[in-house]
Each structure stands twice: as C-alpha cells, then as structure tokens.
Amino acid sequence: MRTLIRYLPLALLAAAWEAAARLHLVSSLALPPLTDVIGSWIELIRDGELLVNGLASLYRAAVGLALAVVVGALLGVMMAWFRPANTLLSPLVEIFYPLPKSALIPVTVIWLGFGDGSKILLIFLGCMLPVTIGAFNGARGSEQVLVWSARSMGASRLRMLWDVVLPSAMPELLNGIRTALALSFILLVSSELIVAQKGFGYLIGSLGANGSYDAMYAVVLTVAFLGFAADRLYLALTRRALAWRYDT
Amino acid sequence: MAVRHVTTRARIKTWPAKAARILPLLLARCFSVAALLAAWEILARSGIFTPFQLPPFSAVVLRIWNDGAAGDLWINLALTLYRALAAFAICVLAGVAVGTAMSRSGLARWFFDPIVSVGFPMPKIAFLPVVILWLGVYDLSKITMAVIDAIFPVIAATVIGIQGVERELIWSARNMGASERDLLRQVVLPAALPQIMTGLQVALPLALIVTVVAEMLMGGYGLGGAMMTASRFANSTGVFAGIVEIAALGYALVKAMSLIRRRLLAWHPEAHAPSTV
Amino acid sequence: MRSLKFALIGVLAFGLAGATRAAEPVKIRMSWVVPVANWGSLVLEKKELMQHLGKSYTLETVRYQGTPQTITAIANNELEVASLAYSTFPIAIENANIADLRVIGDEFQDGVPGYFTDLYFVRKDSGINKVEDLKGKVVGTNGGGSAIDVAQRAMLHKHGLEPNRDYTLLEAPLPAMPAMLLEKKADLVPAVLPFAFNPKLREEGKVLFNQTEALGVTQMIILVARQSFIDKNRAAMVDYMEDLLRVVHWYLDPKNHDEVAKIASKLTKVPPERFGWLFTKQDNYRDPDLMPNLEALQRNVDVVRELGFVKQPLDVKQHADLSLVQEARARLEKGK
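Chains as they are written, first to last, in the numbering used here: chain A, 1 to 248; chain B, 1001 to 1277; chain C, 2001 to 2336.
Bear in mind the hints are in silico, worked out from the structure with no lab data behind them.
Glycine residues also receive a C-beta, built at the ideal position from the N, C-alpha and C atoms.
Check before you lean on any hint, since a few could be wrong.
[To be verified] Simulated restraints, written as ranges between beta carbons of each label pair:
#, chain 1, residue 1, chain 2, residue 2, range
1, B, W1065, C, D2253, 56 to 66 Å
2, B, L1140, C, L2332, 14 to 24 Å
3, B, R1021, A, Y59, 25 to 35 Å
4, C, E2204, B, L1043, 54 to 64 Å
5, B, N1066, C, L2332, 46 to 56 Å
6, B, Y1138, A, H24, 18 to 28 Å
[Claimed, not checked] To give an idea of the interface, some chain A residues facing chain C are shown, with a C-beta separation under 10 Å as derived from the structure:
#, residue
7, T3
8, T35
9, I38
10, E49
11, S102
12, I105
13, V109
14, I110
15, F114
16, G205
17, L207
18, G208
19, A218
20, T222
21, F225
22, D231
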C-alpha cells in the first residue's frame, strides 16, 4: 500500500497521457493512448524483441558508463590535485564535453568505424562530464585543515589522496555518477539511433521511421523504467556508503 | 572546471609580475589544443583520408571565416546561444525551485520524486513529433526540448545539496531565531550552493547539446540546423565547421560558468588554490 | 575494473575473430533506413533462400538513421551495399568525392503506370485548389534534398514558387505528416506509403498533386556499391545478387502475400492485416529483377541539378554497373 501511494504520481501522469490522447488534446497519430502502448509492450515482451535488443544496449551502456566512471573520476581528482594534468587536459575536456555526441560521428567513424566501439565511445564521452566535474569540485572542496593535518602526520601523497581527498570528494562524485547513470540510458538510445543492428535505440529508430508510435513509445518507456530501477538501486547503495556523513 | 592558478599572494603582486606568471601557463594550456589541431591538419593532408572523410583544419577555418563575413555565422550563433541560455535560465529557476520544494515539503517530494527518477533517464528525443505538434518547430519547441533534458541534473543536485547541509547549522540558525524563509535564503541555499553549482555546470553544456540536437532534427537557423544542412549535402567542411563552432561556443560557456562559480563560492574551501599533493 | 578487463579481452577476441574470418567469405554490409520499404530490412528474414550465404559471402544488414550517415559510412568503407535516393546519389558522388559509386540495382520506383505514386495533401477546408494557392503557405518536408523534398520543390518551382521567398518549409518526420496537416501546422504535406492510406488524412484532406505530375516516373531508391569493391569481389557480389534476386522474387510473388505480411508485421509491430497493399499494385513499383530505370534516373538527377542541389551534370550511365544483376539473372534463368 505504501509503495502504491508512493508511486501514485506516476499513475496520475499515466492517466493524464491516456486522457490527452483520448480527448484529442494531441493528435493520436503522434501520441497513441497509453493503453495501446502497453498493448504493444506486451507484444514486444512476448516475441522476445525487447530482451534481445535490451541486452545488446545494456552491454554497451555498462561498458561506456564503467569507463566514464573510472576515467572521469581519475581525471577529475587529477585535475584538482596535479597542476600539470589540469593544464594539459582540462582544455581538451572543456572543448569536447559541450559537443553533441551525435555531431562527433564524422570524427569517430574515421577512428572506430560504426561498430560497438563508436557507440561505447559516445556513451563514455557523454557520461564522463558529470563524473569529472563532480570529482573535480568535490576534491577541490576538501578541507584544507584535513589535508594539512594529514600531511603533518607524514601521510604519503597517494595515501592522502586515498584517505583524505577521495572521501571528501565522495558525495559530489557519487552524485555525478548518478547523473551519468541517467545520461547513459539517454545516450545508449541516441548512439544506436544513428547506426545499429540491434538495441533499444535501433528499435526506437526503426519503429519511429515506420510510424509505429505505440510500439516505439513502449520501448521508450522500457528504457525510462530501466533507468528508474537503476537509479533506485544506485540510491540505495550510495545511501549506505554515505551513511557516515549524514547520520552523525 | 578551471583551476585558479593565481594564489592570493600573486594577486597582490604588480601587473607585469602577474602577467609573467600567467603567460607560460596560458601557453601550456594552449599546447594540448594546438597539438590536437596540428595533428588534425597533418593527418588531413597526409592523403590517408579523402577531404570528405577529414577536411583539413585550415579549410574549415576558411569556411568559418567566410560564413562570418557573410553574416550567417553570427545569426546562427546568436540563435543557438539565445535558445541554449533561455533553456538554461529556465532550468536554473525551475530546477532550484522544484529541488528546494522537494527538500522542504513532503507533498512536493511525494509528487516529484518518482517523476524525476523516471523522467531523467527517459530518451525524451522520441517525443519530438508531439513537441513539434504542440509547440511548432521554432524557438519554443527547441527551448522546451532543452529544458526537459537539462533540468534534471539541477533538481537532483539541489536535493542532494540541501540534504547535505549539516543539521547543526540549521539548528543553530533556528536557535538564533531565523524564520523559515531566512533559514532557506541565508543558510540552506548558500550552504547547498557548491552542489547546486555542480548541477548547473552539468546542465549548461547539456542545454547547449540538446539545443543543437533539436536544431539538427527540426531544421531552420541555428548552428545545429546549419550543420544538418551541410551534412545532408555531404558538405564535410561545413559539418566540421559546425563541430568547431559548437566546440568554441561550448568552451566559452563552460569557462564563463566556472568563473561564475569561483565568484559565488569565494568563501568555500575549493576557492583557495589547493595545496597540490 | 575487472569487468573492464573482461570487456577489453572480449573486444580483442572479437577483433581477432574478425581478422581470421576475413580470409574466408567476403563480408557484405547492406544498409536500410525504413523497415519493409528497403530490401535491406527484409532479405535476412528469408535467408534460407540464399544459397551462397555463408559460403562465398556473409551478409550483415545495418539500420542507418538517414542518408548523411549512409554516405559517411560508404566513404569510410564501413558499408558495401547501400540504399540511396535519386536525390542523394549525385550528392554522394560530387560532394563526398565517392567517384566510383555505382548504381547496381533498383529498390523501388514511383509513378510507374498502374502503381502507386506519392501524394501531396492539403486540407479540404483550406481553400487551396491549385499549386499557385500555396503562396505564403507552410509546406511540410522531411528534410532539404530528400527524394520527397526535391519532387515537391520541383512541382512548386514549375508553378513559379520558390522556397523561403514564396513559401515556408517546415521539417518533420514523414510519419508525423498527416498529423501536421490535420493539426494545421502545415498546409501541404507529402504522404508516402503507408501513411498515404491514413483514413483520417483521406477524410479531411485532399490530394493537390501527385509525384508523377512533378517528375514523371521517378527512380526513387537505388542500390549502390563502390566500383573498387565490386572489382575486388566480383564473384561474391554476383552470388549475392543471385541470392538477392531469389529473395525479391519470393517477396513479390502474390502467393506468398500472407507470409510477407507476417514478416512485415514482425518488423514494424503493425498488424499483418494492415499490409494488404504491400508488394501489390497499390504499392510503389519494385522491379522483380532489380533492374533500375536509368533513363528515369537521368531525368531525376537532372532536376536535382536544376534546383541547385549539385553543380556538375552527372551521366548516370557512367555511374551504373548493371552487369552484376544481369549475370545473376542469367544464372537464375539457366538454373530453371
């Protein structure tokens, strides 16, 4: 019952969608009623298409996101704490991240072709930004007092990074990863819209090109709900990790 | 994102001394970008690629120059900038408002929390036909597309930022007789500002990206529209000119954002140069 | 980190597998954009008819978002057989410098007598009764330089109307066109299959002109490949064409219609009963032997140039290699 009340807003939204389509507030040619979408969703589940395409997408998103978290966090901390890294790398990061990743296609195809590699690269580039910014801002915000006292106690550079800088960067970093997690779902679709043989984006693109909007929105909602589930899981995990900070 | 390299001590120094300190740094900063551009030019001229696959950087610069002289560049630039900034402004106001409401009121939290979690990862670009039907293909629909993508990081950051404000701070302010409104304006929001700014730093480039993508999909004027037209006619120089223009615009926006951050957070530990490890 | 390593190993293994395979059958990648409309989306659904598949060649069908990405892929040798519109073919040759691009087959033609031709709709109550009435109106297009866009511009050009000066172009996806018209966002919209059958569009809209009036017979979509690839892998390409012909014959055979509708339904998630028109006379003409109409194509390409989309004249015959499809056809004849 509690969960029911908790997710009631989504039900309200769903009802609004259904009403908008049924009352012709928006042409049902562009936005089919939600009940039709759900019907298509059941079909897509039954013939296994969602599963096959979903697995291909999630694999790419997971690899891209994992790369973004590792590289992004390293880059962010390094840019905050090693001046040469900041000097050399930050202009490149600053130039590439406000670029729409789909605009980079002519560049990435030269280098990686049109296979999995280019899609993972696009997801990686898009997800890296919030992680890097989070790690950078967090690491720069670490309390000088802590750093000084750690240094006076003779902590080595690496130890200090690990024991002082990283923990204090953690809340911002974790929030950055949360943003990246959400973006990875959007990016997996947009990277597969361009060129693909399989995946959620492939389904959305090919169904959209044919005007099968009910099935297309069924895939869109599936991606949204997978993102939702991933977000909830992530929040539960980080709440544990951050317990020391808020519960004191 | 940029680190302030000028320490407090340097700031007191006279101008020439300051310039002498900054100049090599500036040069060093330019080095990586210059190396990238040089590599591009050399690779393009090596004959490994056709001019369609990779036009030389010099040809791209020439094209941008011509567009600038003809005036097209400025119209497109101004339009894209206007759309992205308008979307960003809406994201700041509405995002912080919703985020604050979610932290302060149980009702708002109940309503927005699941919607934000579902809405954030949703590939909203699929709703393009609906947005076009409702709002047309002009500024309004492009700004709307950018808002519904870029507002989520702001909301999330505001919620997390306010959550992270230490309770002792709130308690002591309350003890000193601060009203709820004062508390919010003078204690909670400033204390949450670093996190909120981080959210804004993510939202601004996102707003630009989505604006450009929307322009690419809906056509018309704007950097994205010009790039899409070039792309349709296999005009590679035009496509790469678009990439360079958008990168330059994005770089300027991102830089401006980190300047604002530094101004607003002058009191925060991060504003001091870190004692490099 | 661990998973990363595994991913890396996976990528390496994949690469190695690819390298060893290269010594065996020729890898052919074929593009498609719209399901069912492009042969690329349909061929592998009948792979049991492809006798040489996996022997002399392997086939991968890949979906592309649109023409720009397709041209990029051909230029980077990421794609061997592509579907291009008559309007984008000269663009690929002139602007993308793919000088050795060749027409190797037909995908479909518009306005062949007795078959479907694209229709251009206005609202019944709009007061627009002739093309001239479109002055000052909003015209829907799926993007400048597309096959539909060129046809539409050509028609309006014939009646003295020029874009931006006399009418506004509004971009929207083709499936959204009926809604754009009925919701009064646009005053003229193109309707291709299957959207031209939309009952609401038929009820509230009327046809202002059709594509045949604009361009005559149009060689809408062609199959293309690069001469360099054909020369290097001629035997495999003929095998592939032979198999492709078998598949096309099967799809176009009226007695397979029910099964065809089922396949189309599987690809599009639209109920099979809505595909009654598919590959019949209600559909665009598809040549059963994949023979393109080069004479129509030449006319169409000339219009593209007249409208200013390309500068150089293009002799279509110089950029066609029909020997593959002819050889494949002869082999099928002999086999009978």
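Hint check:
Taking the beta carbon of each, W1065(B) and D2253(C) are about 59 Å apart, inside 56 to 66 Å as hinted. L1140(B) and L2332(C) have their C-beta atoms about 57 Å apart, which leaves the hinted 14 to 24 Å range violated. At about 49 Å, the beta-carbon gap between R1021(B) and Y59(A) misses the expected band of 25 to 35 Å. Here the CB-CB span from E2204(C) to L1043(B) is close to 55 Å, well matched to the stated 54 to 64 Å.
Take N1066(B) and L2332(C): their Cβ atoms lie about 54 Å apart, and the range 46 to 56 Å holds. Between Y1138(B) and H24(A) the C-beta distance comes to about 23 Å, which sits within the given range of 18 to 28 Å. At its closest, the beta carbon of T3(A) sits 31 Å from a beta carbon of chain C; the interface hint therefore is violated under the 10 Å criterion. Below 10 Å, beta-carbon pairs count as interface contacts, and T35(A) has none with chain C, the closest being about 15 Å; its hint is therefore violated.
Annotation: interface hint on I38(A) violated; nearest CB of chain C at approximately 13 Å, more than 10 Å. A distance limit of 10 Å between C-beta atoms decides the matter here; for E49(A) the minimum to chain C is near 8 Å, and the interface restraint holds. For S102(A), the shortest C-beta to C-beta distance to chain C is roughly 9 Å, which falls under 10 Å, so the interface hint holds. At a threshold of 10 Å, the smallest CB-CB gap from I105(A) to chain C is about 7 Å, leaving the interface hint in force.
The restraint placing V109(A) at the interface with chain C holds, with a minimum CB-CB distance near 5 Å, inside the 10 Å limit. Look at I110(A): its Cβ gets to within about 6 Å of chain C, closer than 10 Å, so that hint holds up. Checking F114(A) against chain C by beta carbon gives a least distance of about 5 Å; that is within 10 Å, so the hint holds. For the restraint placing G205(A) at the interface with chain C, the shortest Cβ-Cβ distance is roughly 6 Å, inside the 10 Å limit, so the hint holds.
A distance limit of 10 Å between C-beta atoms decides the matter here; for L207(A) the minimum to chain C is near 6 Å, and the interface restraint holds. Contact between G208(A) and chain C, as hinted, is supported at the beta carbon level, the nearest pair being about 7 Å apart and thus within 10 Å. For A218(A), the suggested interface contact is upheld, since its CB lies about 8 Å from the closest CB of chain C, less than 10 Å. At a threshold of 10 Å, the smallest CB-CB gap from T222(A) to chain C is about 13 Å, leaving the interface hint violated.
Nearest Cβ of chain C to the Cβ of F225(A): about 19 Å, over the 10 Å cut. The hint is violated. At about 20 Å, the closest approach between the beta carbon of D231(A) and any beta carbon in chain C exceeds 10 Å, and the interface hint on this residue is violated.
Comparing the model with each earlier hint shows violations of hints 2, 3, 7, 8, 9, 20, 21 and 22; every other hint is respected.
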